[in-house]
Amino acid sequence: MLTILFDGVAYGMLLFVLACGLSVTLGLMNFVNLAHGAFAMAGGYVTVVLLNRYNVPFLLALPVAFVATAALGLVLERTLYVRLYGRSHLDQVLFSIGLVFMAVAAVDYAFGSQQQFVRMPSFLQGRVEIAGVGVGIYRSFIILICGVLVIALQLALSRTRFGSQLRAAVDDQRVARGLGIEVNRIFAATFAVGSGLAGLGGALGAEILGLDPTFPLKFMIYFLIVVTVGGTSSITGPFLASLMLGIADVAGKYYVPAFGAFVIYTFMITVLIFRPQGLFARAR
Amino acid sequence: MKRRTVLKGLGASVATLALPHVARAESSAVRIGLILPMTGPFASTGRQIEAAVKLYMQRNGDAVAGRKLEIVLKDDTGTADVTKRLAQELIVNDKVSFLAGFGLTPLALAPAPLATQAKVPQIVMAAATSTITEASPFIVRSSFTLPQATVPLAEWAPKNGIKRVVSLVTDYGPGHDAEKAFKERFSADGGQMLSELRVPLRNPDFAPFLQRVADAKPDAVFVFVPSGVGAQLMKQFVERGLDKSGIRLIGTGDVTDDDILNDMGDVALGVITTHHYSAAHDSPENKAFVEAFRKAAGFRPNFMAVGGYDGMHLVYEALKKTNGDTAGEGLVAAMKAMAWTSPRGPVSIDPQTRDIVQNIYVRKVEKVGAELFNVEFATIPNVKDPVKAAKG
Amino acid sequence: MRDRAEALILRRARWRPAEYVFWLLAFAALVLFPDRHLILNEIAILALFAVSLDLILGYAGLVSLGHAAFFGFGAYAAGLLAKHAVAEPVIGLVAAGAGAALLGFATSFLVLRGTDLTRLMVTLGVALILGEIANQAAWLTGGADGLQGVAMDPIIGVFEFDLFGRTAYAYSLVTLFLLFVAARRLVNSPLGLSLTAIRDNPLRAAAVGVPVNPRLVAVYTVSAAYAGIAGALLAQTTQFVSLDVLDFHRSADVLLVLVIGGAGYLYGGIVGAVLFRLVQDLLAGLTPQYWHFWIGLILVVLVLMGRERMTSGVAALARAGVDRLRPGAGRATKELRP
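Chains as they are written, first to last, in this note's numbering: chain R, 1 to 284; chain V, 1 to 392; chain B, 1 to 338.
Please note: incorrect hints may appear among the correct ones.
Said to hold, decoys possible - The calculated lysine-lysine pairs, modelled on DSSO-like cross-linking and capped at a C-alpha distance of 27 Å, are:
(1) V:K287 to V:K119
(2) V:K388 to V:K68
(3) V:K119 to V:K180
(4) V:K159 to V:K384
(5) V:K54 to V:K287
(6) V:K336 to V:K364
(7) V:K295 to V:K336
(8) B:K83 to V:K295
(9) V:K384 to V:K336
(10) V:K95 to B:K83
(11) V:K388 to B:K83
(12) V:K391 to B:K83
To be verified - To give a feel for the contact side, a few chain R residues facing chain B, derived at Cβ under 7 Å:
(13) L90
(14) Y109
(15) F111
(16) L179
(17) V183
(18) N184
(19) V263
(20) Y265
(21) F267
(22) P276
(23) L279
Keep in mind that the hints were calculated from the coordinates and are not lab data.
Where a beta carbon is used, it is the ideal one built from N, C-alpha and C, also for glycine.
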C-alpha cells in the first residue's frame, strides 16, 4: 500500500519536472510549446551520450543535461521562438509541432531508432526496506531532486527580483517595458530555464520512461494533461496535479488493472468538467 | 502576388500527381514492394529488415533467373489505410511481383484481400499473429508466430521447477495471443496461473504491475511486451528486487531483443526466453550472416532481420523455380514446402498453412566476451504454429 | 439598411467562378490521373474530415484535439454494419453519420465550458478513451488486429469497388461534394451566421438573443456526423478498420491540415488536405525514413514566413474579394487562450 503511494509520488514528481517548463511557457509566457518534449528528449540523449560514450558520472551528467538543453532552448528562443510570441496559438502549435517532427527525425538519424539506456551508477540502484515498505533508491533520488526543485522554483518566482519582473512582464508587457524591465531578456531566460528543466526531466526519466526518438510525441499528452489539470497560473498547481496524477495512475493500475488505461483520462475529463480552469487556478 | 504564390504552391503539389509516371518506365525487372515501419515507434523493425534485405541482395546478386530485382521501399506510417493504399499503388502502378515486409498485424492484414485479388504473393517478414496466413492464400510468412515461440516455453517451465506463474502482457492483440497460448499449455502441463496482468499499450511506468507480481509471489513471471519496452520492464524488475526475491523472469525473445540487449546492461543477465533466432546461434551460416550484417549495417541483427533475410530467400528461390515467371500462383506454389538452412537453423514452409516451421530455442542471457547474448541451451525441433496445428 | 445587409449576405453565399473551377478540376482528376485515384480518395476523405473540423473550429471557434473520436466511431460503425448486417455503402454512410451525430450530441456538453486549452484536452481525452474501449472490446472490433471481413456490396447495387480505387475516389468525391454544398449552405444560413457571432464574441451574441449553447451543441453534432461519414468512407473504401482510426495522430493531422489550409472558409480543409497529403506522399517516397524532418521544416518555415499570407491568398481567391462583411476574414482562426 505505502509502496504504491511511494511509487506514485515518484512518478508524479518525474512528471512534474518534465512538465513544469511547459507550464511556465504556457502559463506565464502564453506560448503553446508542443516541442517541450523535444527538449526533454535532448536532455535524455545528452545524458546517454555522456554516460555511455564518455563515462561521465551520472551525477555530473545531470547538470550538464540541464545546461545543455537550457542553452539549446536559449538559442532557439532567440532565433525562432521570439518571432512567434505575438502570433496566434494555432501558429504556435503548427510551428512547435514542426520542430518536434524535425527533432524526431534528426535524433533518429543521429542515434538510430532503438531504445537508449542510461547506465545507472550502482549506488542509485536497488531498493531498501524502511519499516516494511520497499523503497527504490533511484525513485527516492528523484523525489529528493524534485522536491528541492519545487521549493527553489517557488522561491525564485515569489521572492526574487527576477520573479517579480517576470510576473510583471507577463501581466502587462507594455507597462513592464515602460518601467525599464528588459522583457525580452526575461522571457529568454525563463524559456531557457524551462527547457533546461525539461532536459533535466528527460535525463532523470530516461531510466524509468525509456528513451527513443518518438519520446516527444509519446509524452506530449502527459505534459498537457499535467498542465491543464494543474492550471497554468502557478508552479504549485502543476506540482499538485502531477502528484495526484502520478498517484492516481499508479494506484489505479494496481487496484483496478482492467481499467488501468482509463484512469488518467477519466480523471482529467472529470476535473476539467468541474474545474475548467484547472484544479488549482483562480478563475480568470 | 499573394494569389500567385498560392497558385504556384497548389500547382506544384498537384503536379506531383503526374510525377510518378516518369519514374515508372516499363522494364523487365522484377519489383518487390517492401512496406515497413520506417518511422514511429517500430522504426527499428523497419531498419533491421531493410538492412537484411539489402544484405541478401548484396550476397546473392541482384539478379535471379536472368531477371534483375528492384526493391521499392515504402514507409507504412503505422496506419492500416495508408499501408493498404501503398500496397494497392505498388500493385497497380509499380507492377510489383511481390509485396513484402509488414511490421504489425493489422498492417499485414489490411492488404491481404489485395494480394488475393491481384494474385501477388505477400511475404510477411515480421508480424506474428497466428491468423495472418489465413487471410489470403497468397500470404507466406518468413518470421514466426507468437504461439510458436510461447508454447515451448510453457512446456519448458513446469519441467524446470516453475509451477506458479503470473503473466504480464501488453494489452493488445499479440499480448493476448501470448497470454492465451502460454496459459493453455502451462495449465495443461500442471502449472498454475496465479493471475493474468495486462499492461496498457501506452504505459510509462511498470511499477504498479510489478508490485502485483511481487504480491503474488510466483515462481516466475511470464512476460510479453513489444521489444523496446522490454528493457524498461526488466530494469524495473531488478530495481524492485524481484530477482532477489526468487521470482524468475521468463518470456518470448521479444523481451531480450538482440538489437538492444547489449545496451540493457546486467539487469538482463539470466533471463530465460524462447525464440526462433538468436544472434549467438552456433552455426557457420549464422556466424557469416552476423558478421556480414554488422559490417554492412553497423548494428547487430535481431529476429526481425532474419525474417527479412529469409523472406528474400523465398523470393529468390521461388523465382529460380519458376524460371523467372512472376505469376502469383506459381510463385506461391514454389514457396510451399521449401526447406533450407537459414541463419536461425533449419526451416521450411508448411505447405498447408504457408507458415514457417522452425526450431525454437530456449535461451539464457549471458555475457559472451564483452557483450550480452541470448545463449541457446535447448532446442525444440521443427515447431509448427500450434494454433493452426490444433485446428488440424 | 436592412436590404443592404441582406444583399451582402446573399452575395457572400453566391458561388464564385473559382469555386466552379475547383470542383471541375476535382472531378476531372477522375480522368486525368487514372493511376493516382487511391491517394486522391485518401485526400477526399481527409478533406471531408477537415471540413468537419472547420465547422466547429472555423465557424464556432471550438477547438478540438480529439476529432478522431467521431471519425473512428464512424469507421467502426460502417465496418461493423457491413460485416454483420448491410453491406450496401450508402446505407452504411448514413448510419455511421447518424451514430457519430449521436455521439457528438452526447459529448458536446463537455466542450461548452472552459477555455480552449480545456476543450483541447477534454476532446483529446474522449478520443483516447474511445480508442482504449475499441482496443479492449476485441470481441467486437478485432482489437489491435483490426476489423477484418469487411466486404462491401456495389454502391446502390451498381458500382463495384475496383482495385484501382476509381469507384472509391468517385464515391468519396461525390460524398465530399454533396456534404460540402450542405455545409456551405449551413454556414451561410442564419444558424451559421449566428455561429460566427458566437465565435467572435459569445457574450455579445448572447446579449442580442442568440441561444449560445444550443447553437454550439447543434454545430458540434453536425460536425461529428461529418467526421463519422468521413470515417465510414475510409472503412468502406479500404474495407478494413484498425485502431489507428481513433489514434491521437489522426486528430492532430486533421488539425494541422485545417490550420495549414486556413480555418473559417470551408475550402481551407480541402486545400490543406491536398497540400498535406501530396507533400507527405512525395517526401515519404523520396526518403521513407526521414520525411518527418522535411514536413517539420516546411511547417516551421510556413509559420515563420507567415501562414496568414498563404491562407489569406487562398481565401481571397475563394471569395474573390467580395466579402466585406468581415474584414481580415482569411485570418478567421480564433485565438486560443489557455
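Going straight from one Cα to the other, do V:K388 and B:K83 come out at no more than 27 Å?
-> Holds, at about 24 Å.
Restraint check for V:K295 with V:K336, where alpha carbons must lie at most 27 Å apart | 32 Å, violated
Closer than 7 Å between Cβ atoms is the bar; does R:N184 clear it against chain B? Give me holds or violated.
-> 18 Å, violated
Hey, does the R:P276 contact hint survive, CB to chain B under 7 Å?
-> OK, holds: R:P276 within 7 Å of chain B, min 3 Å.
Hint check: 7 Å Cβ-Cβ cutoff, R:L279 to chain B | Hint violated; R:L279 Cβ to chain B Cβ min 12 Å, cut 7 Å.
Given the proposed pairing of V:K95 with B:K83, does the C-alpha separation stay at or below 27 Å?
-> Status violated; Cα separation ~30 Å.
Regarding the hint that R:L179 lies at the interface with chain B, is the smallest CB-CB distance below 7 Å?
-> 25 Å, violated
Restraint status (C-alpha distance of V:K336 to V:K364 at most 27 Å) | Roughly 33 Å separates the two Cα atoms, so the pair is violated.
Agreement of hint R:F111 with chain B interface, Cβ distance less than 7 Å | Check failed: Cβ of R:F111 comes no nearer than 13 Å to chain B, outside 7 Å.
Holds or violated: V:K287 to V:K119, with C-alpha atoms at most 27 Å apart = 37 Å, violated
Do the alpha carbons of V:K159 and V:K384 lie within 27 Å of each other, as the hint requires?
-> Satisfied, since the Cα-Cα distance of roughly 21 Å is no more than 27 Å.
Is the hint on R:F267 kept, meaning its closest Cβ partner in chain B is under 7 Å away?
-> Because about 9 Å separates R:F267 from the closest Cβ in chain B, which is outside the 7 Å limit, the hint is violated.
In summary, the structure is inconsistent with hints 1, 2, 3, 6, 7, 8, 10, 15, 16, 17, 18, 19, 21, 23 from the numbered list given earlier, while agreeing with the others.
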